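Chemist: Residue numbers (this note's numbering), protein chains in the order written: chain A, 82 to 556; chain B, 82 to 556.
In short, the hints are calculated from the structure, not lab data.
Check before you lean on any hint, since a few could be wrong.
You can't tell identical chains apart in this list, so a pair holds if it fits in one copy or across any two.
Listed next, the in silico DSSO-like pairs over lysine-lysine satisfying Cα-Cα at most 30 Å (straight line) [said to hold, decoys possible]:
no. : residue 1 : residue 2
1   : Lys294    : Lys493
2   : Lys397    : Lys555
3   : Lys314    : Lys556
4   : Lys314    : Lys550
5   : Lys272    : Lys397
6   : Lys355    : Lys446
7   : Lys453    : Lys556
8   : Lys154    : Lys121
9   : Lys550    : Lys397
10  : Lys154    : Lys355
11  : Lys314    : Lys453
12  : Lys555    : Lys314
13  : Lys556    : Lys272
14  : Lys272    : Lys555
Predicted, not measured: the structure shown is a model, and the values here were computed from it.
Protein chains: 2
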Amino acid sequence: MSDHICSTGCNHFSHLNDPDLLAEFAEARHSLRANISGTKASGKAGLGGVTYRPLPSKKAGENVSHYYIPANKDTVHWGYFSKSMEPLVKLESGDYATMEAVTHHSFDDYERMIQGDPGVEGIFQWDANNKAIDRRGAGPMDHPVGAGGGMGVHVCTGPIYVNGAEPGDVLEVRIIDTMQRPSANPDYRGKSFGVNVAANWGLQYNNLLTEPKMREVITLYEVDATGAQTTAKAVYNYRWAPQTDPWGRAHPTIDYPGIPVDRSKIKLNYDVLKGYEIPVRPHFGMITVAPAEADMVSSNPPSYTGGNFDNWRTGKGSTCFFPVAVPGAMFSIGDPHASQGDAELCGTAIECSLTGLFQFVLHKKADLPGTKLYGLDYPLLETESELVVHGFSSPNYLKEFAGAADPAAAIKGSLDTAMTDAFNKTRRFFMDTRNLSEDEAISLISISVDFGVTQVVDGNWGVHAIIQKDIFPKK
Amino acid sequence: MSDHICSTGCNHFSHLNDPDLLAEFAEARHSLRANISGTKASGKAGLGGVTYRPLPSKKAGENVSHYYIPANKDTVHWGYFSKSMEPLVKLESGDYATMEAVTHHSFDDYERMIQGDPGVEGIFQWDANNKAIDRRGAGPMDHPVGAGGGMGVHVCTGPIYVNGAEPGDVLEVRIIDTMQRPSANPDYRGKSFGVNVAANWGLQYNNLLTEPKMREVITLYEVDATGAQTTAKAVYNYRWAPQTDPWGRAHPTIDYPGIPVDRSKIKLNYDVLKGYEIPVRPHFGMITVAPAEADMVSSNPPSYTGGNFDNWRTGKGSTCFFPVAVPGAMFSIGDPHASQGDAELCGTAIECSLTGLFQFVLHKKADLPGTKLYGLDYPLLETESELVVHGFSSPNYLKEFAGAADPAAAIKGSLDTAMTDAFNKTRRFFMDTRNLSEDEAISLISISVDFGVTQVVDGNWGVHAIIQKDIFPKK
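Make a model of the complete structure from these sequences and hints.
Modeler: Listed below in C-alpha cells is the structure:
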C-alpha cells in the first residue's frame, strides 16, 4: 500500500475495470464468501475474517488494495458509533472494500434471513446461556429492555480507518455496486428477503384507522438474489405479538433490536398485496463517519457526519461525501434496504441485507476551496445527474443538545425546521462553492431545486434538496 | 353540441389527432390570436372574444367543440374564485378549450411582458383616470392597499361552466399542450420572458444572510417562445424599490399585484447567473374548480378544489382530477410558470404567461365507485408514470376556518401537518380505490411512495405523495 493521499482532481476510477476486482464482486453477488481469498488481516480484523490483497496499479508509484469485510459478530457494532472503537482495517485513500451489511430485522424471519448463514447466525445468536452481541444501542448496559437499551438499532459493519484522514478533510465514498444477500437456506435458493416493519416509531402508529390501534405489522418481501428481478413482492404479513427474549425480558412492542420472534405467537397472513411489484432501489440507509462530539452515539438519528439519513438514492453509482470529524474518519455502513419511499413513513423500508463494493477517496482540507466540497458540514450525495443536500431538524444534535442526558431523545423532529436547514445549506452551497450572490442563489433554488421529505421516523427528521447538475455552466 | 356525459371508460382522446385542432394550437404556439376563427360566443364571452367551433366527431351521435379563450380584461378575474361568477362559456364533457393564462407579474418588465400585447395591456391598464380591473383579490373594495386588498394575486382565466357537472362529480382536465406566450414587442421577437420574484411571502424573507435584509428581488428570465429552446436563462435582476401606484398609494413592498414599476426607481444588474441554464417545466401553478364554502375566495391558498397548488408536474401530458363542489364546476387557470422547483422557496417560480390546450371530461358521481376517483376530496394529478396526491396544512381551510374574518389568514402553514394530510389521503386512496387493507396500504406507502415538498409559500403549505403507477397489478 502506498501513502498516496488523493487531492482534488485525483481519479481513482482507473481501477474500476480491474478484472480481479470485478470478478471478486461478481462472485460475491451469487454466494456468500465462505472462503475468502487474499491475505488475512491482523488483529481484530483477522478474527473477523477480513482479508486484503493488492490490485495491480495503473499509475506509477501507486498501489491499491481491495479489502473484503464480511459481516459477523467480530466485524459489526450494534446500534452505536464511536470514535474510540478499534477499527477493523486501516486503508489508504484509493483503496476498495467489499462490505457486507446485515439488516437488524433479520430475526423477523429466522428461516429465510438467518438460518444457514454463519455470519448472520453469529450476529443474532442469543439463548439462555449466551448473547453473542450484548450491547445493542448507545444506552446503559443495565438498561431494563436490554444492554444498550436499543438506543440505536442498526447492525453496523466497520469501522474502517482511512489513513491520513483528519478533522476538516472530506471523505468521498463511491458506491460502485450492490447486491442483495442471498438466503442461505437451501429451501430458498436464489432468493433474497427483506421485511418492512410498521413500527411504533412510524408516523402512522398513533394515527391508525382500523383496530387494533397501535399495532405493529411486519411484511415480508422477496427479491431475486441474482439481481435479475428488479421488483420486490410481498410474501406474507403478521402483527407483532408480545415476545419474551431468551433472558426473560418482555417486549410488548418492538423496543429492542434482534428479539427472537416466537413463531407460535404470530399468525401469518399470505393474502397481502397480491400482484403488486415494487421496483427495488438497493441502498444503504445508514452510511457514516464517526462524530467527534461524544464517544458513544446512537445510530438512529442522522447528523452532520451522515448516519441513518435514509435516502434511497444512496445506491449503486452514487457517491457520498462526509465531513471528517475524527482521525481516520471511522467509516461504517448499516441499515441496508431493498427499497424505500421518500419519508420512510411507517418506520422502515424493505430491510434487506446487502453487500456493497466501495472505494474511498480522501480530500484534504487544503484542497477543498474552489470545489463543491468546500465548507461541507453535512453528508452530500452525488448521483449521475444530481447533487443532494441533506437538511435535518437539528443539523448537529450532538452539539445542540450536548447537555442532555440523551441527546437523541432531545431532538424535536419537524419537517419545518428540516426544510429551513435544507434551504440554508443549499444557499450556502451555491454561494460558497459556486460564488453566486445570495440573490442569485435564492432565485436558482426557487426555480430549479426540488425539496423532498427524506424521512420522518429517525428522530432527527430530514428534508433533502435535489440540485440538477445540468443547470451549471458548461465548461 | 351533444348532451353526452362521459362515464368511466369513456375515451375522448379520439379527437386528439383532429387536424383542425392541432393546426389551431400550432398557430397559437407562434403568435397571439388577434383574429380568432370560429363562431363568436354570446354574452360576456363574446365581449371577451371567446369563440367556438365544432370539431368533426368520430363517434356517431357525438359532437365535440373547441373553444378559444383569449386572456383580456373581459375574460379574467383577478385574485379570487367565486361560484357566483358569470361563466365565460358553458361547454360539454368532451369539449376542448385553448386558454391563455397571463402572469400577474407581467408589470415587473412592461417592455418585454406587456407592451404591444393588446390582451395583456388591457388587463394591466392603470392610470390616473382608469384602472381596467379594479378588484384584485378577495378582500374589501376599500382596502387601503387597493381594491380587493391583493388578498389573492393571480390573474385567472375563466371560469368555464361544464354542463351537467354537479357537486360530488369529478372533473377531469387533460393538459394536452402548452406554449410560452411570445413577447409582443418587435424588439424581442421569438422570445418569451418570465420573472422570478423573491418576495416578502417567501421562506427566505426573514432569513437573509446579506444586507439589506428583508429585500425583494426580481430576476428576469428569457425562454424561447417557439419552444425550441428547452432552458431558461437569467437576463438581469433588480431589487424592489418603493413604488407609488397611479392612484397615489405607496407600496413599500410587493403588497398588491400589478403595480406599475417605475423603472427610474430601480437599478438593473445584468451580472446574474452567467452560464446557468434552467430546464423549463411549463405548467399552471393555479388550476382549479370553484369551492362551495364561500362566495369570494382568495386565489392564494390551495384547497380541496385545487387552486394555487403549485406543482410543476401540472404540465403538458398530465391530467388533473378535481372534486366538483358547485354546479358547472367553474374551472379557471392562472399563475402560469416556465419552471419551478418543489417548494417554490422564494415565493414564486419563473412567472411566465402560457397558453394551454385542455380537454374536459366529466365523471358522474354514480360512476366513481371502483375507480381511482372514488372518494376524491383533493386535486389528484396524473402523469404518464405517476399519480400525485396533494396534502395541505389544512385540507379544507374554508371549512376549518369558516368563522374567521379572513379564512386564508387563519391557516398555519406547516409541512408537518401537510405531511400527515398527504399520508392520510394516500392511505385512503389505496384502501378505498384499490381495496387494500390498512396494513397493506401503510407498507406500500413506506417502501414505494415518495413524499415531496410542493410549496411553502402559499399560506396553506403543501406536501405531495408520488405513487408510481408501475407498482399496480398488471391486468
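Chemist: Now tell me if each hint is right for this structure.
Modeler: Structure-based check of all given hints:
Taking CA atoms no more than 30 Å apart as the test, Lys294 paired with Lys493 passes in both settings, with 24 Å inside one copy and 29 Å between copies. Proximity of Lys397 to Lys555 under the C-alpha cut-off of 30 Å is found in both arrangements, the shortest distances being 26 Å within a copy and 28 Å between copies. Proximity of Lys314 to Lys556 under the C-alpha cut-off of 30 Å is restricted to the inter-copy arrangement: shortest distance 16 Å between copies versus 45 Å within a copy. Only between protomers do Lys314 and Lys550 lie at most 30 Å apart by alpha-carbon distance; the minimum there is 15 Å, versus 34 Å within a single protomer.
In this homomeric assembly, Lys272 and Lys397 come within 30 Å of each other (Cα to Cα) only inside a single copy, at 20 Å, whereas the closest approach across copies is 41 Å. When the C-alpha separation of Lys355 and Lys446 is checked against a cutoff of 30 Å, the pair qualifies only between copies, where the shortest distance is 28 Å, while the shortest distance within a copy is 53 Å. Taking the closest pair of Cα atoms, Lys453 and Lys556 come within 30 Å of each other only inside a single copy of the chain (15 Å); across copies the shortest separation is 47 Å, beyond that limit. In this homomeric assembly, Lys154 and Lys121 come within 30 Å of each other (Cα to Cα) only inside a single copy, at 17 Å, whereas the closest approach across copies is 81 Å.
For a Cα distance limit of 30 Å, the shortest separation of Lys550 from Lys397 qualifies both inside one copy, at 18 Å, and across copies, at 24 Å. Taking identical chains as interchangeable, the C-alpha atoms of Lys154 and Lys355 are never at most 30 Å apart, the minima being 37 Å within one chain and 55 Å between chains. In this assembly of identical chains, the alpha carbons of Lys314 and Lys453 lie at most 30 Å apart only when taken from different copies (22 Å versus 39 Å within one copy). Taking the closest pair of Cα atoms, Lys555 and Lys314 come within 30 Å of each other only across two copies (13 Å); inside a single copy the shortest separation is 43 Å, beyond that limit.
Taking the shortest alpha-carbon separations for Lys556 and Lys272, only the inter-copy value of 25 Å comes in at or below 30 Å, while the best intra-copy value is 46 Å. Taking identical chains as interchangeable, the C-alpha atoms of Lys272 and Lys555 lie at most 30 Å apart only when they sit on different chains, with a minimum of 22 Å there against 45 Å within one chain.
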